[in-house]
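Residues per chain are reported as follows:
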Amino acid sequence: MTFLSVVQEHFWGFLRATGMTLQLTSVSLVLAVVIGLVFAFMKLSDNRLANLIANAYIGLTRGLPLIVQLMFLYFGISSIVVLSSFWAGTLALALHAGGYVAEIIRGAIQNIDRGQTEAARSIGMSRSKTMRLIILPQAFRRAIPSLGNQFIIGLKDSSLVAYLGVPELYSNAMTAAAANYKPLETYLVAGSYYLVLVVAFTFLVNKLEVKLSPHRQEASR
Amino acid sequence: MSVIDIKGRHKSFGDLHVLKGIDLTVETGEVVVIIGPSGSGKSTLLRCLNFLEYPDSGDIRVNGALIDPKKTDLDKVRQHMGMVFQHFHLFPHRNVLHNITIGPINVKGLSPKKANSIARDLLDKVGLPDREKAWPSQLSGGQKQRVAIARALAMDPDIVLFDEVTSALDPELVSEVLQVIQDLAAQGMTMVMVTHEMGFAREVADRVIMMDDGGIIEQGTPEQVLDNPSEERTQAFLSQVL
Ligand SMILES: Nc1ncnc2c1ncn2[C@@H]1O[C@H](COP(=O)(O)OP(=O)(O)OP(=O)(O)O)[C@@H](O)[C@H]1O
Ligand SMILES: [Mg+2]
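First to last, the sequence lines map onto chains H and C.
Each residue of the first sequence is one higher than the one before, starting from 8 at the first, in our numbering.
Each residue of the second sequence is one higher than the one before, starting from -15 at the first, in our numbering.
One chain only, chain C, in its complex shape (with noise of 0.2 Å):
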């Protein structure tokens, strides 16, 4: 069964048109690498995938289900879409534990105890064991990143969404939270990706998307998109990345 599934999807800022009729599946367990040039469009698909962004027009189905931005509960669609974001946004305010429980005990409305053994399982899961207590400002960028992992997956998404995750990383930083990611594709997590890390995408991906001035040019297995792309624009783009 697709968890996503977006018909002729549009979205304008003001007179900017950036997105311009995207079609796109994402099967349940399937992970979904989408790779681009700056400003084609890739963070606002994700952002219209989750309604951070409403989209102008278009279909989009959520396990099946058809939703309308003005009747849905989006939030609600939003629990079960975890994000993970390019500059982490952990609440500063909040310790590491606190960071991943916000969100079972306040939107799902689990018990404080039921939270913190999920959080303290997630923690492990990350490598992260001994920094329950820490507050954020005191984690490497590493760190924050792989809390804010946990925080998504703390709400036990259908999906989740990275955007660039590991762009604003030292690149000694870069390999642990790839691995984090990588363990959960292998879990069987539905996961939809941009990332500029090559060498990533062709390990973890089942599917590439190329994106360009708002479409999707090409899309296929990380063999074919990113051994032997069909496109000219994308084989440019490869060139000047890898």
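Extracted from the complex, chain H is given alone in its bound form (with noise of 0.2 Å):
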């Protein structure tokens, strides 16, 4: 029964800092969709330091605790600019983010079949088209899955931001806990949150791929 009662008594607390959660997730994940497309095509070139680059970032990116690439780039940043610690978090989750992304869709555009090009080239098209209208809708919507599942990945990860002072979902539950002295059940509300947030979201991409794909739907019909 405390649970309820912590529910009903964070419960405004606790939807506000959801917002900001979902804030920091999709900014962050829009970022990192650009930043990922980026490396992508810079580790897929036959540019040698473009590879060498691509190549390091994603190494560093996966290789560190997201926990120490966040105070990295927080003290880091505002050591030169000054940077709210919204906008600190969101680009150290989308930096973070981003490297994964980059593997993601460069696995998926290496994926499809050389033939595809071929074909498009064969008609006439540049590199360029080739890549924007026959390589990635079709990278894309095969991608959806390892996306969501990186965003879903995102959207927990982003409780770390509370160590930056942002008044996000995890800091909520922190803070409350540390007030009302159920933290057991301060955390397990918080839990729920994100719980209800990845269902949801599991939902919208199963959506969304669905709908991206119609020549697969009617397919298996």
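The hints are simulated quantities; they were obtained by calculation from the structure and are not laboratory data.
Hints may be right or wrong, so weigh each one.
[Claimed, not checked] Heads up, simulated BS3-like pairs for lysine-lysine below, C-alpha to C-alpha not over 27 Å straight-line:
| hint | chain 1 | residue 1 | chain 2 | residue 2 |
| --- | --- | --- | --- | --- |
| 1 | H | Lys136 | C | Lys92 |
| 2 | C | Lys97 | H | Lys136 |
| 3 | H | Lys218 | C | Lys117 |
| 4 | H | Lys136 | C | Lys55 |
| 5 | C | Lys97 | C | Lys117 |
| 6 | C | Lys60 | C | Lys109 |
| 7 | H | Lys136 | C | Lys60 |
| 8 | H | Lys136 | C | Lys(-9) |
| 9 | H | Lys214 | C | Lys117 |
| 10 | C | Lys98 | H | Lys136 |
| 11 | H | Lys136 | H | Lys189 |
| 12 | H | Lys136 | C | Lys117 |
| 13 | C | Lys55 | C | Lys92 |
Put the complex together from the two separate chains, hints included.
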């Protein structure tokens, strides 16, 4: 019953914090896709230097614990420019997820049959049009499950931004637990909020996958 | 006038010397059929004609103009050369109509309206007037290949290259595709075709070319090459496939 009383007591606070978590997550994931695209193309290019930079980036973002990257970026960036903790957190999450997204997109592009490129080039399409009209649309569709997975990880990772002082879900739970002396129930409530978000998000991703793949839908009918 | 004229064409993949000095001229309206054993370089030759593979050396003239792969806009050259592949390679994320119009709209800059009308005419021509909304995955192999032919024709090419376009089809679907190609030949389309369908070759070919080991070892009319081959290797090859 204390669970319910904690829910009751902190309902609006948690809801506001959920809004912050959603903002952090969505902005950082949009940025992560842009970053991921850039590094995926660098890794696929024939340019040795671009390959090297992309590999170094992907290696670092995947090799270091997120909390280390967060602190490094927060203190690193804010020693050069003044950045709100929201933007420092968002950027750090985006840079981190960007490394994973780059690998997802690169793999999806490479998995498209070479025949697709050849067919497109054979009707006179340029390299860039082939990429934009033929390869990327197919690669994105195929990458949706992995990207969705990465986004769910990103949603949960956003809890670490609490340590930069961003008032999101986890930070809200820490503050509430310190005040009400019911840490177990409070974290249980925070956990349920995350769970609801993840379930809702999974549902959306599945919907999107179906919507974007009419050709596969019809085929399996 | 010759649509394609190549001289002394060589192509290697690493240490593997695949094309060993090919000379080939294709005249406007001519139907050239290439035969030869597996690995003899037939596909590589076709793919060098539209620069899907870059040749190592040799001259190529397209409609009389010398092509320098480093300087010429190859996208432009390819616009005028259709290609149809063994495994169709339709765009699975686009429906049949879009597969055909994507080139005219995005490469030639035609209006969607004009492109659609061209595509519908072509779908009529290949016998699929009612399938424009279908997805490639809903078509049979023979239907896919006919859409692929329509996609190549939609660019209004000067020449179409066919690489074993019936080899991946179930036997009962072969004739519907060959029929489309035969109609094209009758209309005077210039074509270069790799095929193992010897009966078909005899009917449509103006000239048959026998390739072996990266070279053209014999060429002539179907009667000359298929019925009275002078080269031993041609005789041996024909006795295997017939
Ligand atoms: N991209 C490539 N890289 C390396 N080797 C290749 C490549 N393409 C073709 N080859 C090789 O070149 C040789 C000729 O191949 P090609 O595909 O032109 O033969 P083909 O006459 O079309 O044979 P088939 O009748 O089996 O289609 C083969 O030994 C093949 O393995
Ligand atoms: Mg071949």
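Next item on the list: State the violated hints by number, sorted upward, taking the hints as numbered earlier in the document.
Entry: 8, 11
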